[in-house]
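Produce the entire structure from the sequences given, and follow the hints as far as they go.
Protein chains: 2
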Amino acid sequence: MEVDNKFVALKEYVHGQPSESNFEVKTAPLALTLKKGSNQIIVKNFYVSIDPYQINRIKAYSSSHKASGFSTQIGLGERVDAFGVGSVVASVNEEFKEGDLVAGLLNWEEYTVVQPRTILNKITDEFALSYHVGVLGPSGLAAYAGFYEVCKPKNGNTVFVSAASGSVGNLVGQFAKLSGCYVVGCAGNKNKVDLLKEKLGFDEAFNYKEEPDFKLALKRYFPDGIDIYFDNVGGEMLEAAIVNMKPFGRVALCGVISEYTSAGPRAAPNMLDVIYKRINIKGFLAYDYLHIYNEFISTTQDHLRHDRLQVLEDISQGIESVPTAFSGLFRGDNVGKKSVKIGNG
Amino acid sequence: MEVDNKFVALKEYVHGQPSESNFEVKTAPLALTLKKGSNQIIVKNFYVSIDPYQINRIKAYSSSHKASGFSTQIGLGERVDAFGVGSVVASVNEEFKEGDLVAGLLNWEEYTVVQPRTILNKITDEFALSYHVGVLGPSGLAAYAGFYEVCKPKNGNTVFVSAASGSVGNLVGQFAKLSGCYVVGCAGNKNKVDLLKEKLGFDEAFNYKEEPDFKLALKRYFPDGIDIYFDNVGGEMLEAAIVNMKPFGRVALCGVISEYTSAGPRAAPNMLDVIYKRINIKGFLAYDYLHIYNEFISTTQDHLRHDRLQVLEDISQGIESVPTAFSGLFRGDNVGKKSVKIGNG
Numbered sequence: 001m002e003v004d005n006k007f008v009a010l011k012e013y014v015h016g017q018p019s020e021s022n023f024e025v026k027t028a029p030l031a032l033t034l035k036k037g038s039n040q041i042i043v044k045n046f047y048v049s050i051d052p053y054q055i056n057r058i059k060a061y062s063s064s065h066k067a068s069g070f071s072t073q074i075g076l077g078e079r080v081d082a083f084g085v086g087s088v089v090a091s092v093n094e095e096f097k098e099g100d101l102v103a104g105l106l107n108w109e110e111y112t113v114v115q116p117r118t119i120l121n122k123i124t125d126e127f128a129l130s131y132h133v134g135v136l137g138p139s140g141l142a143a144y145a146g147f148y149e150v151c152k153p154k155n156g157n158t159v160f161v162s163a164a165s166g167s168v169g170n171l172v173g174q175f176a177k178l179s180g181c182y183v184v185g186c187a188g189n190k191n192k193v194d195l196l197k198e199k200l201g202f203d204e205a206f207n208y209k210e211e212p213d214f215k216l217a218l219k220r221y222f223p224d225g226i227d228i229y230f231d232n233v234g235g236e237m238l239e240a241a242i243v244n245m246k247p248f249g250r251v252a253l254c255g256v257i258s259e260y261t262s263a264g265p266r267a268a269p270n271m272l273d274v275i276y277k278r279i280n281i282k283g284f285l286a287y288d289y290l291h292i293y294n295e296f297i298s299t300t301q302d303h304l305r306h307d308r309l310q311v312l313e314d315i316s317q318g319i320e321s322v323p324t325a326f327s328g329l330f331r332g333d334n335v336g337k338k339s340v341k342i343g344n345g
Numbered sequence: 001m002e003v004d005n006k007f008v009a010l011k012e013y014v015h016g017q018p019s020e021s022n023f024e025v026k027t028a029p030l031a032l033t034l035k036k037g038s039n040q041i042i043v044k045n046f047y048v049s050i051d052p053y054q055i056n057r058i059k060a061y062s063s064s065h066k067a068s069g070f071s072t073q074i075g076l077g078e079r080v081d082a083f084g085v086g087s088v089v090a091s092v093n094e095e096f097k098e099g100d101l102v103a104g105l106l107n108w109e110e111y112t113v114v115q116p117r118t119i120l121n122k123i124t125d126e127f128a129l130s131y132h133v134g135v136l137g138p139s140g141l142a143a144y145a146g147f148y149e150v151c152k153p154k155n156g157n158t159v160f161v162s163a164a165s166g167s168v169g170n171l172v173g174q175f176a177k178l179s180g181c182y183v184v185g186c187a188g189n190k191n192k193v194d195l196l197k198e199k200l201g202f203d204e205a206f207n208y209k210e211e212p213d214f215k216l217a218l219k220r221y222f223p224d225g226i227d228i229y230f231d232n233v234g235g236e237m238l239e240a241a242i243v244n245m246k247p248f249g250r251v252a253l254c255g256v257i258s259e260y261t262s263a264g265p266r267a268a269p270n271m272l273d274v275i276y277k278r279i280n281i282k283g284f285l286a287y288d289y290l291h292i293y294n295e296f297i298s299t300t301q302d303h304l305r306h307d308r309l310q311v312l313e314d315i316s317q318g319i320e321s322v323p324t325a326f327s328g329l330f331r332g333d334n335v336g337k338k339s340v341k342i343g344n345g
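Going line by line, the protein sequences match chains R and B. When we follow UniProt numbering, the leftmost residue of the first sequence carries the number 1, and every step to the right adds one. When we follow UniProt numbering, the leftmost residue of the second sequence carries the number 1, and every step to the right adds one.
There may be inaccurate statements among the hints.
Same chains, same label: a pair holds when it works inside one copy or across any pair of copies.
Straight-line Cα separation of at most 20 Å, SDA-like style, residue types lysine to any residue; simulated pairs [as the list claims (entries may be wrong)]:
hint, residue 1, residue 2
1, Lys152, Asp288
2, Lys246, Tyr289
3, Lys177, Asp307
4, Lys154, Lys246
5, Lys282, Ala268
6, Lys246, Thr72
7, Lys215, Ala268
8, Lys35, Glu98
9, Lys152, Lys282
10, Lys44, Ile315
11, Lys341, Gly188
12, Lys246, Lys282
13, Lys246, Leu285
14, Lys282, Gly225
15, Lys152, Phe248
16, Lys246, Tyr287
17, Lys209, Asp194
18, Lys246, Asp288
Since the hints were derived computationally from the structure, they do not count as laboratory data.
The structure is reproduced here in structure tokens:
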């Protein structure tokens with residue numbers, strides 16, 4: 001059997017802000033049969049994840065981090081890989097059989113041929129499939145590991161989260177509240193700010209676009225200083241947070257979205273403050289914390305089963321919507337975890 | 001009995017580079033008698049320490065770190081406190097008696113009235129008194145704690161030290177060699193570079209003033225990347241080090257001398273690199289590591305007794321030389337630990 005597989009290909013590298021024109025949706029025939037011994041699997045995709053960090057593999061501006069292997073540049077015309085959820089439709093790998101629901105590294109496309117040794121887990125729980133690209137997927141792990149392992153929160157700590165209505169930020173804030181912290185988030189419009197306070201239980205939230213001086217804004221919300229800054233944006237907000245950190249404060253660098261789309265001026269935190277206040281700034285990737293994956297999953301599932309976590313999802317429909325969904329991340333369009341639903345999952 | 005006590009007073013706050021004219025040496029009579037119950041001590045000073053960080057208390061440019069308490073601004077006309085070594089000449093404190101040799105927090109002056117609860121330790125070992133402001137004093141503790149506790153070295157790690165011929169840097173490099181690391185230092189002239197390689201056993205050293213591109217220089221010395229950067233300078237060198245760090249690299253921020261004398265552009269490390277390479281940047285102060293003071297002292301004394309550590313001292317003579325000694329730090333005049341000898345210690 002052969003299908004027409006629609007996929008999103010990189011048309012041109014991103015300069016500055018990404019837009020729909022960086023991508024094109026193409027179609028290629030795909031035989032749903034596999035060669036024995038290849039250990040491959042074919043997955044029919046139901047949800048693919050849309051994440052800001054993906055820009056780092058499709059932009060023209062280069063950086064030394066390429067050496068890390070997590071951000072190899074994608075070639076023009078190639079497919080963009082993405083975390084996703086789907087169903088196995090063909091398998092010559094003894095670990096998976098047709099009909100298995102799986103979550104793992106796929107592509108922005110309708111069907112993905114998965115090579116052996118790619119991260120791919122069977123879904124066996126009762127939660128919505130879409131949760132497995134978000135709260136129970138890499139975004140959830142980034143929030144959980146970043147907050148608990150990198151920030152090392154203590155009861156009563158003051159916590160600031162930027163991009164707080166985003167896929168990771170909204171969970172960090174909720175984890176922080178569950179840990180007895182005082183939590184303030186920032187976001188880019190009034191609806192998001194209201195959501196943080198009214199639905200997610202943040203103690204305070206503010207619209208950064210209405211703050212002429214981030215340092216003063218943070219001083220207002222943290223008159224005694226910040227213990228933990230979970231940074232998703234970098235840039236000027238990182239500088240302002242450093243100024244407002246308490247001694248021995250921890251900064252977890254999860255993303256620097258303000259710097260993804262520009263090779264211009266970067267954050268220049270006051271390192272004298274970092275010394276005198278003995279601040280710890282740590283970059284991390286969710287994939288470094290697979291050793292606590294089971295703990296993350298069981299804790300998070302438990303929160304979900306007891307309605308202690310609100311799940312914020314922002315789902316577009318159809319593979320054709322991927323370019324707009326992705327570009328929209330950088331316009332602040334999304335509220336919560338952005339993903340695209342493909343097919344009938 | 002009364003003496004004429006010469007002391008260094010702050011004449012005007014430092015703007016940009018410090019110079020001799022920021023200070024004046026004054027004289028005030030001091031009675032060498034103390035009131036019972038005051039628990040005070042009078043110390044005749046033999047050596048006072050001259051350290052770059054002292055500028056942060058005597059400059060006009062202000063920063064949020066003042067909140068930490070370690071960098072309260074000193075008033076005009078006031079004395080500048082400094083670590084020092086001396087002999088007790090009067091005491092109404094039962095822990096100290098006349099003739100005790102002590103090391104602790106004194107001032108840039110000939111005699112210091114020490115208040116109770118000031119850091120002050122009796123010297124009971126056989127080493128030169130001057131060592132107690134350097135290798136066995138705060139500089140030594142900063143190097144030891146910063147390297148072992150903050151950088152967490154492993155055998156075979158690659159280590160870069162800036163201001164490597166300075167009071168802290170030269171010891172970090174030597175500790176790193178004793179720990180089986182590959183060590184490269186940078187300094188500001190050929191004599192210092194030669195000293196690092198020939199006397200202190202650094203694997204490589206370079207003159208940063210002869211390097212048009214710090215990133216390329218570090219790439220040359222660390223083709224496979226840097227595990228540990230012990231930063232004494234901040235600024236452009238910090239940016240260059242971040243680019244050259246290996247995954248999971250550690251950066252200990254001990255000082256940012258390039259930024260002490262300017263309120264201008266600061267280091268803007270690429271935070272995307274910090275994330276993808278999971279770099280840890282940590283500011284620290286030696287005083288946070290008093291809990292390992294005994295370990296530091298016994299290990300360092302052991303190294304000294306077995307000639308495993310070279311002691312680099314740069315000692316000026318007489319209280320009048322303090323302003324020049326201090327200003328000289330920022331011109332790169334000193335080689336190793338800068339101190340001023342006062343009196344006959």
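- Query: Which of the listed hints are not met by the structure?
  - Reply: Per hint list: single violation, 11.
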